[in-house]
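Line by line, the protein sequences are chains W and X.
Heads up: the first sequence begins at 705 in the numbering used here, then just goes up one per residue.
Heads up: the second sequence begins at 705 in the numbering used here, then just goes up one per residue.
Among the hints, erroneous ones may be present.
Derived, one-sided and incomplete: chain W residues facing chain X with beta-carbon distance under 10 Å [said to hold, decoys possible]:
| # | residue |
| --- | --- |
| 1 | 825 |
| 2 | 833 |
| 3 | 850 |
| 4 | 986 |
| 5 | 997 |
| 6 | 1000 |
| 7 | 1005 |
| 8 | 1284 |
| 9 | 1288 |
| 10 | 1291 |
The set of hints was computed from the structure by calculation and includes no laboratory data.
No experiment lies behind these values; they were computed from the predicted model shown.
Positions of the beta carbon are idealized from the N, C-alpha and C atoms, including for glycine.
Protein chains: 2
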Amino acid sequence: MNTQKTEVRHGENLLDYLREKGNRLASPCGGKGVCGKCRVRILEGEKTLGRPYPGMRGITLDEWEKGWRLACKTMMEEEMTVEIPDMWNTEANILTSGDYEVTLQPCIQKIYLDLPKPSIEDQTSDADRLLRALGRGEISDLSLVQLLPEIMEKNGYKVTAVLNGNTVIGVESGDTTKCCYGVAVDIGTTTIVGTLIDLCTGDEIAIYSTLNPQKMYGDDVISRISHTIENKDGLKKLQQTVLESLNTMFDFFEQKYNISAENIYHVNFVGNTVMIHLLAGLPVENIASVPFQPVVTSLPNIQSRDLGLNINPNAVITSLPMIASYIGADTVACILATDMLEESGYSLLVDIGTNGEIALGNKEGLLACATAAGPALEGAHIQCGIGGVRGAVNKIELNENGVSYTTIGDQPAIGICGSGIVDVVAHMINKGLIDSYGRLLSADEASEFLAPELALRIGEYNGKPSFLIAAKEEGAGNEIFITQKDVREIQLAKAAIAAGIQILMQEMQVEFDDIQKVYLAGGFGNYINHDHAMIIGLLPAELKGKVVPVGNAALTGAKMVMKSVGFMDAAEQIKKSTRYIELSTRLDFQNIFVDNMEF
Amino acid sequence: MNTQKTEVRHGENLLDYLREKGNRLASPCGGKGVCGKCRVRILEGEKTLGRPYPGMRGITLDEWEKGWRLACKTMMEEEMTVEIPDMWNTEANILTSGDYEVTLQPCIQKIYLDLPKPSIEDQTSDADRLLRALGRGEISDLSLVQLLPEIMEKNGYKVTAVLNGNTVIGVESGDTTKCCYGVAVDIGTTTIVGTLIDLCTGDEIAIYSTLNPQKMYGDDVISRISHTIENKDGLKKLQQTVLESLNTMFDFFEQKYNISAENIYHVNFVGNTVMIHLLAGLPVENIASVPFQPVVTSLPNIQSRDLGLNINPNAVITSLPMIASYIGADTVACILATDMLEESGYSLLVDIGTNGEIALGNKEGLLACATAAGPALEGAHIQCGIGGVRGAVNKIELNENGVSYTTIGDQPAIGICGSGIVDVVAHMINKGLIDSYGRLLSADEASEFLAPELALRIGEYNGKPSFLIAAKEEGAGNEIFITQKDVREIQLAKAAIAAGIQILMQEMQVEFDDIQKVYLAGGFGNYINHDHAMIIGLLPAELKGKVVPVGNAALTGAKMVMKSVGFMDAAEQIKKSTRYIELSTRLDFQNIFVDNMEF
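Produce the complete structure using the sequences and hints provided.
Quick look at the structure:
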């Protein structure tokens, strides 16, 4: 924590000012107010604190009242006292199950050596001279040894060795110990997020996020797998496209944060099994067909040069281990970040996306399964659905006066995202607008018991009832409504998740009372209303009060491993201690799934 | 050993016949009678055994009388009984200090696995499926993992794993356990010799030898180092040229011995420190200038792909360790092959070439030094000198009737090689034709005591006395004589070696009586007359009777390591137990060197 008094700088925003004064603040979005990374807390500043809450991205009303602001959207009209978080990383803040604490012990270590110069009394070879001073180790590869004499002579045998464990992966002239970076990356099917970490201090210097460019070849993993099967160079193309994206990220770090990408020595990945396979150029064909076996569940040793990444060519490329074709490194990272395998009480982990990954267990061991939830909860396959972008309706209330809602970025509504869908469906169930079989009542049926303001909103779409959320006349960018088919999509999605949870509980012979915590991973988990999730049956109502949203816990897990190498062993332990349950071939799954379709 | 009866095949040579009958016999020279590799022993065959001794290359008179012949030069005029050595490798025969015996335990091992096919009950990843069956290990690299699904599916999950220790470096479809080869290579400054070894049986299948093409860039190591300093791409060129030569060798093995170069998984090199550096593309600049430090004395991990060798891309590339800039992997290999570090008695190793490498010691430890003997003993810098080629005078006798000599291949004499030079100088000293200061007597001075047949041969060259060995009138291809300058060259060479021996003995406080054996390495060591070497002072006369020529002991060492990985540890032990003595900066060296100039 770092507290500062500011000057008045009319027309300047707080982010630019604080950076000018030497503070490190991330702003991957470039000051557009959308990434929510430049959070600071205003302690003193009347005018600033007095302004009404505009729904700053990533700042809740609660936080607003405590003085939290986005620096990039705060104008400097007065003297202020500002508190700047040391670790401004929002993921860590989101991880409410206790911010992770690590002893900084990265696998990469830099050691400065002032070596004795060669003499006729000491004709030791360059390589042995280095290793003798280190007291251990071996040099990783030939290309490095080829450069040794030049590097050593350049600064009179003063060099910095870069070690990965006991292996020398780099030797640099002079003292470069302060320049040592790693990047933790979450390759999502939709989004790629990377955090640049200073391995000397553990500081998270920058966050970068971008859409996964593989989306060109298909929105979900199955369509991307199909692309590799149907196109001769498909696998190579999918790999190249993600590697290019990573190189853009490294370039961004280099340009904006004044580091040299040559000083990035470790990139640690999380992602689902298909994403990790595509990253490494491994065939994914068998993942899509029975018996769904992947090529690897742990990556072999990879150097950056093997992938053509524009960082140090000897940089170590790792991923957290995977468990099965549909339980990937991202789930392992979530389990690591939530400490599920360390606790005696049972925890449930639910990561909702196109595939819902579910894990259940305690320190005795874990079970995991994956269910094809479909993309409805991400806003896809929904008539007016969109992702969590500016203008997406993200919170909805239904009452006698009609519908009220908020949108992301406080923009005119242009669609509805997952949390909004959960809200509206839950309210419609409560109000009796949707019956227990998921049928939308017609205006005629509903008008008998419904407030007129709401009944008026029931229309028709494709010959079936629909429900209007926002009309253009009310200021929305588009007309936004929920259709009967949308409700069916939600039923399929929630039934898949609920059935997965039920089967894991059966397998592990665990009752609701035994479960201490429900970790909800992913962006979605942060934004949905948990009570509403229970009303629609996405989560069992019996687990009320136990839900803990953990945000991008996958990236947190990746960062933990990067900062402290011991967590890689912990991740391996998770892999070993987790039994995968294949749902697709279970005779009971279909029945349990159908049972869970009802509201 | 394998004994066979032959038919009569007029006009056919024994080599072609035996090969036709399925016998493995090497003939790198292509049946020209110069490589001496196709040795067989005739047990029955009157005509063949009755022929006079023609000095077949590599067959001594002793061996001739016991029936040894070169198969390629033996015509099939009668029925014969022929004994074919199982291990026809002449290096092993030459290594008279006891042929090496090894338990076959190469670092490369092939294991055939009939893996269970994936099923919904066993969704184990391809990589884990393999490693589970092996019960150990890790897969070496990404490119191999990328091919795993295809390889495994091709023959219904029947695969052969190729292991280097615990690392999987290859996976092949079906059972390929019988196809597993390695190549041991001696990269000499002048000659490259490689032996193809079947790693399943330990059999040495083929020998290939060729001139080192780096000779284009200089005959000796110093001129090659200069080339790399003076030319920007010099180092790369020198490396490429030797790599091309190796690829030609692999191609030869593939073409002639019906193996696939893809099945070569290990290449183990010996050579002097400069040759090993050039092979690996390591800068050699510092080797040529004070304080003469090399870049490495042990190569880092190298895969064949790193060098661009046309064998299995994951093949393991190793060399024996080196000790210093002028005591290389070849000397370590000689020490390994001669077992010097295992015996309680002291042994002396002398490897005579342009540089003379000398080692002395016993199981308590070794000392080694290198002396710039110059190329005189290899026939260079000698007026009529040539290498050990056909037509080179290799043995000389002087008596009252004049001069008698033999040539290599029994051809008309075209020059004199090292062993011939040692012979003639020794005889001239004995006859008083050269005084103790190395001065050649004039015809006038010598005629007083010399037989007229010899005195007549004293002529003049560049105003100083010379001695005629072979005249054209006597049937020689060229006139061959020894000049005063030739004798000076020999004096410098022998003084350097002798001084090196003397300094090592002083340092180790060893007397002549303590030395049990003198190992003479290199081709030269096999061919010179040891008594004559002592007369000229190349070897101390006090060591008479203790000389053991060990032939290409360097290659023998390389083969030992290839066949049994434990010898690599032994070689490392030799590196650790050998102290290098730098002669160039010793104040006493120059005096001892000058003292040794006299005959």
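Right, here's what the structure says about each hint:
Nearest Cβ of chain X to the Cβ of residue 825 of chain W: about 8 Å, under the 10 Å cut. The hint holds. For residue 833 of chain W, the suggested interface contact is upheld, since its CB lies about 8 Å from the closest CB of chain X, less than 10 Å. About 6 Å separates the beta-carbon of residue 850 of chain W from the nearest beta-carbon of chain X, less than 10 Å, and the hint is met. Against a cut-off of 10 Å between C-beta atoms, the interface hint on residue 986 of chain W holds, since the closest Cβ of chain X lies about 6 Å away.
The interface hint given for residue 997 of chain W is met, as the beta carbon of that residue sits about 4 Å from the closest beta carbon of chain X, less than 10 Å. For the restraint placing residue 1000 of chain W at the interface with chain X, the shortest Cβ-Cβ distance is roughly 4 Å, inside the 10 Å limit, so the hint holds. Here the hint on residue 1005 of chain W is kept, as its CB sits about 7 Å from the closest CB of chain X, short of 10 Å. At about 7 Å, the closest approach between the beta carbon of residue 1284 of chain W and any beta carbon in chain X falls short of 10 Å, and the interface hint on this residue holds.
Residue-level restraint check for residue 1288 of chain W holds (minimum Cβ-Cβ distance to chain X is 8 Å; threshold 10 Å). A hinted interface residue such as residue 1291 of chain W counts as satisfied when its beta carbon comes closer than 10 Å to some beta carbon of chain X; here the least separation is about 12 Å, so the hint is violated.
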